[in-house]
Amino acid sequence: MTRRRLPPFDAFLEEHRARVYRYLVVAVGPVDADDVFQETFLAALRAYPRCTEPDRLDRWVLRIASRKAIDHHRGAARRPLPVAAPPDRAAPGADPAADGLGPAVEAVRDLPSRQRDAVAYRHVLGLSVAETASLMGTTEDAVRANAYQGIRKLKERTTWTKD
Amino acid sequence: MDEGLTIASEEAERRSRDAAERFRGAAFDDGLVDVAVGTVDSPVGELFVAVTTRGVASISFDGMDRDRLMARFARELSPRVVAAARATDDVRRELDEYFAGARRRFDLPIDRRLMSRFMRDVLGATSRVTFGHLATYGEIAVRIGHPGSARAVGAALGANPIPIVIPCHRVVGANGRLTGYGGGLPRKEALLRLEGALL
Numbered sequence: 656m657t658r659r660r661l662p663p664f665d666a667f668l669e670e671h672r673a674r675v676y677r678y679l680v681v682a683v684g685p686v687d688a689d690d691v692f693q694e695t696f697l698a699a700l701r702a703y704p705r706c707t708e709p710d711r712l713d714r715w716v717l718r719i720a721s722r723k724a725i726d727h728h729r730g731a732a733r734r735p736l737p738v739a740a741p742p743d744r745a746a747p748g749a750d751p752a753a754d755g756l757g758p759a760v761e762a763v764r765d766l767p768s769r770q771r772d773a774v775a776y777r778h779v780l781g782l783s784v785a786e787t788a789s790l791m792g793t794t795e796d797a798v799r800a801n802a803y804q805g806i807r808k809l810k811e812r813t814t815w816t817k818d
Numbered sequence: 017m018d019e020g021l022t023i024a025s026e027e028a029e030r031r032s033r034d035a036a037e038r039f040r041g042a043a044f045d046d047g048l049v050d051v052a053v054g055t056v057d058s059p060v061g062e063l064f065v066a067v068t069t070r071g072v073a074s075i076s077f078d079g080m081d082r083d084r085l086m087a088r089f090a091r092e093l094s095p096r097v098v099a100a101a102r103a104t105d106d107v108r109r110e111l112d113e114y115f116a117g118a119r120r121r122f123d124l125p126i127d128r129r130l131m132s133r134f135m136r137d138v139l140g141a142t143s144r145v146t147f148g149h150l151a152t153y154g155e156i157a158v159r160i161g162h163p164g165s166a167r168a169v170g171a172a173l174g175a176n177p178i179p180i181v182i183p184c185h186r187v188v189g190a191n192g193r194l195t196g197y198g199g200g201l202p203r204k205e206a207l208l209r210l211e212g213a214l215l
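Residue numbers (the numbering used here), protein chains in the order written: chain P, 656 to 818; chain W, 17 to 215.
No lab work stands behind these hints, which were simulated from the structure alone.
Beta carbons are placed, not taken as given, at the ideal position from N, Cα and C, and that holds for glycine.
Mixed in with the good hints, there may be bad ones.
Just a few of them, taken from the derived set where beta-carbon distance is under 7 Å, the chain P residues facing chain W [claimed, not checked]: (1) Phe664; (2) Arg672; (3) Ala673; (4) Trp715; (5) Ile719; (6) Val784.
Rough simulated footprint, nothing fancy, chain P against chain W, three-plus residues with beta-carbon under 8 Å [unchecked claim]: (7) 44 to 53; (8) 84 to 97; (9) 130 to 137.
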């Protein structure tokens, strides 16, 4: 009977789109956030009638977004680096500085996926350690360690200082 | 949360709204939308329309609770309910023609899943009342083989999920009086005037 409790997909989309977008801006960067957003919600729509977590759709959609971000990074690793960014990639928001985003955002994207998610869930979405652990299917200690290592690398790689 | 790590919430709101709009179009193109919803402007107010792969499932007048309607679609049709303006193009075109006086009957396929069995009989008989004509609740009751069920016929018509296209506005009281309409009597009157059935 889980199916009967699912809200209309459009209501689900409206409720979660901003949060998923904020996650993806750091997980894959502001330029690719849009494409991965599309992939995330298309995958969610495909799977929606079979979703077994109607009470935790927030967690369900972030898991999908995380998988799509990982797929995106794997794909990017296989793709040759463009010599110069094609003009159509310079979409609005392509310049992180113009969004008031620090260089740290670019650096989060390059973290290993566990650290990236730990940092994004904890410090971008403001989730608790417990929520992050449940979302990532890991322990609270592992979340603390991943977030700590992630933040340390960000500090090493950028001039960004947390607080 | 860390200011330097996240985009401003208004920015996330704006960009995710644009991204969601693109997503709706892509979802429809990929055939992933089971229930597409959209709005159609009309002389009797903005209409909220739901179209499935089978046809038009619902038309509702302005003032109906759309969130509640969508929740019902999710429960009774499919949870894959998405706003997709293009999916409602055929309905929009036929309704525009009807309100412009250029169409006397609708050719749109109908999805009857939101109707009870009894309602299907009542609305089936109602669909045969042609443009510009009227029938009474009692006559519809007789036509579906339930003489004496005029009151139940009235209730079924009042809950018609596809008004205008299924012309429940053409069914009136025994004395020809306009006794009720799901969208309110002024709308019933406006539709009948448009059809020339009322002066």
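Verification of the supplied hints:
1. Phe664: At about 5 Å, which falls below the 7 Å cut-off, the nearest Cβ of chain W leaves the hint on P/Phe664 intact, so it holds.
2. Arg672: holds (4 Å)
3. Ala673: Interface hint status for P/Ala673: holds (5 Å vs cutoff 7 Å).
4. Trp715: Where the cut-off is 7 Å and the nearest Cβ of chain W is about 13 Å from P/Trp715, the hint is violated.
5. Ile719: violated (13 Å)
6. Val784: Hint violated; P/Val784 Cβ to chain W Cβ min 14 Å, cut 7 Å.
7. 44 to 53: holds (count 5)
8. 84 to 97: Per the Cβ count (9), the hint holds.
9. 130 to 137: violated (count 0)
Of the hints listed earlier, those the structure fails to meet are numbers 4, 5, 6 and 9, in rising order.
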